[in-house]
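The C-terminal residue of the sequence shown carries number 1086 in this note's numbering, and the numbering is unbroken.
Everything labelled a hint here was simulated from the structure, so no lab data went into it. C-beta: ideal position from N, C-alpha, C; glycine also. Hints are not guaranteed to be accurate.
[Unchecked claim] Pair by pair, the computed Cβ-Cβ distance ranges are:
1. 816 - 956: 37 to 45 angstroms
2. 852 - 910: 20 to 28 angstroms
3. 926 - 956: 46 to 54 angstroms
4. 983 - 829: 32 to 40 angstroms
5. 947 - 908: 53 to 61 angstroms
6. 960 - 823: 48 to 56 angstroms
7. 1029 - 823: 35 to 43 angstroms
8. 901 - 1068: 16 to 24 angstroms
9. 1018 - 926: 17 to 25 angstroms
10. 816 - 946: 31 to 39 angstroms
11. 1029 - 1054: 43 to 51 angstroms
12. 829 - 1018: 42 to 50 angstroms
13. 897 - 1006: 42 to 50 angstroms
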Amino acid sequence: MSSSGGEAPDWCGCDRPPRIVVLGAPDKSNVSSAWKRLRPTIQSHAEIVAADFEFTYDFSDEDVDLVIVIGGDGSILQSARQMGGNQTPVLGINCGRLGFLAALSPEDFLDAWPKVCLGDFSIIRHLMLEVQLIRNDEVIAQSMALNEAAILNGPPFAILDIDLYADGELATQYRCDGLIVATPVGSTAHNLSAGGPILRRQLQAIVISPISPHTLTYRPLVDSADTRLELAVTEPNESTSIVVDGRILGQLKSGDRVRVHRAPVAFEMLRVPGQNDYRTLREKLGWSGRLALRQL
791 MSSSGGEAPD WCGCDRPPRI VVLGAPDKSN VSSAWKRLRP TIQSHAEIVA ADFEFTYDFS
851 DEDVDLVIVI GGDGSILQSA RQMGGNQTPV LGINCGRLGF LAALSPEDFL DAWPKVCLGD
911 FSIIRHLMLE VQLIRNDEVI AQSMALNEAA ILNGPPFAIL DIDLYADGEL ATQYRCDGLI
971 VATPVGSTAH NLSAGGPILR RQLQAIVISP ISPHTLTYRP LVDSADTRLE LAVTEPNEST
1031 SIVVDGRILG QLKSGDRVRV HRAPVAFEML RVPGQNDYRT LREKLGWSGR LALRQL
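Make a model of the complete structure from these sequences and hints.
Next comes the structure, spelled out in structure tokens:
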């Protein structure tokens, strides 16, 4: 077994099988059918501590070696929120559509699982962000982000003035419809749709991308993951919000500040042989050196 930026799970080199928790999205037939198909194989090589399809399992009390997430990337984001400060290595099985994070198909999993239990994998540590909403010098809401923190516009959809501070110094004031601070994992999500760059997942960096900037010279900016950011909206609209991994952390009022900095923990994912970032991008984004032209 090899690891990248992380330690080997306890079961490697021991006689006992791995202790695992299985997570999956509720009320999805494809997740249920995949679980019924995969459960016998999982049980034959591991001890299943819990199978949680409501995202309610408490990770603070159990000694768990591995989390298997059945679903799509949204389920993996939910698993990261659920684990909080008790991050445990994750193996994702894709039952969704695109699946950047949940890269293994059920068929690939059946082939890889016995090898994983023997230690044939690496652990990749992914940057997470801590996001805090500050009002009257008090933290009124906070969350960790695996993908991004975004200030998003709302009715009446007037353009926003957003001040960006980096390490306590004013960097600039954006005039835009919103602002995204994304991790390398999140660079292929909302950031990519907004015209931002793709970051290699292992990079210790963030990307700051304005949404529809009023001045075209405002371009996406890549900065160190250790930079401490603070955002302030001069005159937020009634529905202007700070959104973390697709969930509203809170609505912004005049005078509020949003702090974004590196989280104290990282999100850990298992990578099995044959997986790599460029293969994922090539397959998921349809990269090709040849164009298939249709005859009209």
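inquiry  = Quick check: does the Cβ-Cβ distance between residue 926 and residue 956 fall within 46 to 54 angstroms?
reply    = With Cβ atoms ~23 angstroms apart, the hint is violated.
task = Take a look at whether the Cβ-Cβ distance between residue 816 and residue 956 falls inside 37 to 45 angstroms.
result = holds, 40 angstroms
query = Is the hinted range of 32 to 40 angstroms satisfied by the C-beta distance from residue 983 to residue 829?
reply = With Cβ atoms ~36 angstroms apart, the hint holds.
inquiry  = Does the beta carbon distance between residue 852 and residue 910 stay inside 20 to 28 angstroms, or does it fall outside?
reply    = With Cβ atoms ~25 angstroms apart, the hint holds.
request  = Check the following: the C-beta atoms of residue 1029 and residue 1054 are separated by a distance inside 43 to 51 angstroms.
outcome  = Roughly 31 angstroms apart at Cβ, these two residues miss the hinted range, so it is violated.
Distance restraint evaluation - residue 901, residue 1068, Cβ atoms, bounds 16 to 24 angstroms = Holds: the Cβ-Cβ distance is about 21 angstroms, inside 16 to 24 angstroms.
task = Please test the hint of 42 to 50 angstroms on the beta carbon pair from residue 897 and residue 1006.
result = holds, 46 angstroms
query = Could one say that the CB atoms of residue 829 and residue 1018 fall in the range 42 to 50 angstroms?
reply = Given a distance of about 44 angstroms, which is inside 42 to 50 angstroms, the answer is holds.
Residue 947 versus residue 908 beta-carbon gap, inside 53 to 61 angstroms or not = Check passed, 55 angstroms falls within 53 to 61 angstroms.
request  = Check the following: the C-beta atoms of residue 816 and residue 946 are separated by a distance inside 31 to 39 angstroms.
outcome  = Because 36 angstroms falls inside the window, the suggested range holds.
message = Can you tell me whether the CB distance of residue 960 to residue 823 sits inside 48 to 56 angstroms?
response = holds, 54 angstroms
query = Do the Cβ positions of residue 1029 and residue 823 conform to the proposed distance bound of 35 to 43 angstroms?
reply = holds, 39 angstroms
Checked against the numbered hints above, the structure breaks hints 3 and 11 and satisfies the rest.
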